[in-house]
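Student: Make the full structure from the sequences, and use the hints.
There are 2 protein chains.
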Amino acid sequence: MGLWFTEIEDNEISYGYKTKDVLFSSRSEFQTIKIIDTLAYGKVMLLDDLVMLTESDEFVYHEVISHIPVCLHKSPEKVVVIGGGDGGTVRELLKHQCIKDITLCEIDKMVTDVSKEFFPSLGKALEDDRVTVKIGDGVAYMKDMGAGEVDLVIVDSTDPIGPGEGLFCKEFYRSVASALKDDGLMVCQSESPWHSTAMLHRIRDNVAAGFEHRKSYIAGIPTYPRGTWSWTLAAKNPIFPEEYNRSRFDQVKAGLKYLNDGMMVSVFSLPNFYQDQVSQ
Amino acid sequence: MGLWFTEIEDNEISYGYKTKDVLFSSRSEFQTIKIIDTLAYGKVMLLDDLVMLTESDEFVYHEVISHIPVCLHKSPEKVVVIGGGDGGTVRELLKHQCIKDITLCEIDKMVTDVSKEFFPSLGKALEDDRVTVKIGDGVAYMKDMGAGEVDLVIVDSTDPIGPGEGLFCKEFYRSVASALKDDGLMVCQSESPWHSTAMLHRIRDNVAAGFEHRKSYIAGIPTYPRGTWSWTLAAKNPIFPEEYNRSRFDQVKAGLKYLNDGMMVSVFSLPNFYQDQVSQ
Chain A
1 MGLWFTEIED
11 NEISYGYKTK
21 DVLFSSRSEF
31 QTIKIIDTLA
41 YGKVMLLDDL
51 VMLTESDEFV
61 YHEVISHIPV
71 CLHKSPEKVV
81 VIGGGDGGTV
91 RELLKHQCIK
101 DITLCEIDKM
111 VTDVSKEFFP
121 SLGKALEDDR
131 VTVKIGDGVA
141 YMKDMGAGEV
151 DLVIVDSTDP
161 IGPGEGLFCK
171 EFYRSVASAL
181 KDDGLMVCQS
191 ESPWHSTAML
201 HRIRDNVAAG
211 FEHRKSYIAG
221 IPTYPRGTWS
231 WTLAAKNPIF
241 PEEYNRSRFD
251 QVKAGLKYLN
261 DGMMVSVFSL
271 PNFYQDQVSQ
Chain B
1 MGLWFTEIED
11 NEISYGYKTK
21 DVLFSSRSEF
31 QTIKIIDTLA
41 YGKVMLLDDL
51 VMLTESDEFV
61 YHEVISHIPV
71 CLHKSPEKVV
81 VIGGGDGGTV
91 RELLKHQCIK
101 DITLCEIDKM
111 VTDVSKEFFP
121 SLGKALEDDR
131 VTVKIGDGVA
141 YMKDMGAGEV
151 DLVIVDSTDP
161 IGPGEGLFCK
171 EFYRSVASAL
181 KDDGLMVCQS
191 ESPWHSTAML
201 HRIRDNVAAG
211 FEHRKSYIAG
221 IPTYPRGTWS
231 WTLAAKNPIF
241 PEEYNRSRFD
251 QVKAGLKYLN
261 DGMMVSVFSL
271 PNFYQDQVSQ
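Line by line, the protein sequences give chains A and B.
Residue numbers for the first sequence follow the working numbering, so the first one is 1 and each next one is one higher.
Residue numbers for the second sequence follow the working numbering, so the first one is 1 and each next one is one higher.
The set of hints was computed from the structure by calculation and includes no laboratory data.
Virtual Cβ for every residue (Gly too), placed ideally from N, Cα, C.
Some hints could be false.
Stated by the list, open to error - Just a sample of chain A residues kept apart from chain B, beta carbon distances all over 10 Å, derived: (1) 15; (2) 37; (3) 108; (4) 110; (5) 129; (6) 134; (7) 159; (8) 178; (9) 197; (10) 224; (11) 226; (12) 265; (13) 278.
Stated by the list, open to error - What the simulated footprint calls covered on chain A by chain B, stretch by stretch (three residues with Cβ under 8 Å from a Cβ of chain B suffice, anywhere in the stretch; the number is not a length): (14) 1-12; (15) 28-35; (16) 84-95.
Tutor: See below:
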């Protein structure tokens, strides 16, 4: 058998990865952080022993959480990323020349430091001139922000347990809504469509506390529990996926490994069982 | 921890399911067959210790392997299912009144017997008047079939190791092509888009030996390795997913848990990394 890392979810299912080496293991003020090197997916970042990202499939998460909202916004210039200290989301945002200013608010400095060391293709994005990194609590950061300041808020959070819990509360989404300009967009990761109904309804209801209009989309991520993940866009105005900005997407699409013109719209096609959860 | 069943894939990744009970365990002439009762997914059928289906998510596989080819065919009346001894694919096919005659050729009688006992909502479909069950080798069955006899062949096979191996060979696809009428369609499960390039190219090349035109589609299945699965349609003529038969789909769609009109087309939208594999 050799060395295996095993993630256990709800004491019901487990995901194991044969591991060549443990490259880093420490405890920050907020969580345990490990970097392991696996046979199947290369280097993997674990926070509190949950897979956050792997070298092999991180492109899916980072492409869909960034290019979809950027291309659905009228004219995104100022972006806030809450969480996302690994830098992957910022790396994708920086591909868009229209984006002038990105502030990333990550609670745990060790995440950014470790990413720069072990995932330089992600972490080095945080050193770009257009990027400001603030180490602090994203809930407080959004609460203190002036009204109508931002075009796009990306909530690139961990699960709704541990340090990320506050990023799944009604009050937080109300702050995000207030910080956005009238034509602003918010996107958050919203767990697996196969997760418990109670969890999905809680996320849906809390986002709805801040935003009248919401639209969920999905993509397959092999190293996230249950293999399919969801994100939820929210805005003050209705969202029309088919109306994404083709010329903006044309400028970035050549380098993408997941998204293409077909996928930009088809990710919003939801299976019946999940559509029922988000629209009930 | 308690009792866990763990599936190990390529000695690199593992998937574990906390297990309440082992309901059945035996060895047929061809493989080991187990039925376990899990916390997360209810009853699970294991062949050679690989998950074949679970009560909770079998609907995805069975809906997409049946309704998509049925609705893309001009007028499907006579259908052959190779493998699929659990009965799930036949259950979905029977929802279409246009289908008059289904022959299922399953190599392992114990699979059909066990399914009738432990998954009656699938297995009982095999007792329908429109269905003939043949116990035997699907490769030989297709080879011996007369030319141009069938409208639709569904290859509902296990992985390309063990008893299912012959169903992934060039000779088999040539037999299928010969058995189909000129406007016939074939569909086979074609593993995960995240599987090794070598495996994906082998499947692609072997299907291509029998069919000039091919089209792959994908769906998320949480209990299959890597969480996303693929199927490949093949025909003598080009395949146009957008031109599926709406009125035929309208007659069955109310009872479906995965497919809807949007998904009927969006499943053909492939991420770049997989599109590259199938079209190279």
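Student: Run every hint past the structure and note whether it holds.
Tutor: Here is how each hint holds up against the structure:
no. : hint  : in the structure
1   : 15    : violated (6 Å)
2   : 37    : holds (12 Å)
3   : 108   : holds (28 Å)
4   : 110   : holds (27 Å)
5   : 129   : holds (29 Å)
6   : 134   : holds (33 Å)
7   : 159   : holds (17 Å)
8   : 178   : holds (33 Å)
9   : 197   : holds (13 Å)
10  : 224   : violated (8 Å)
11  : 226   : violated (4 Å)
12  : 265   : violated (8 Å)
13  : 278   : holds (14 Å)
14  : 1-12  : holds (count 6)
15  : 28-35 : violated (count 0)
16  : 84-95 : violated (count 0)
Taken one by one, the earlier hints fail for this structure at numbers 1, 10, 11, 12, 15 and 16, listed in ascending order.
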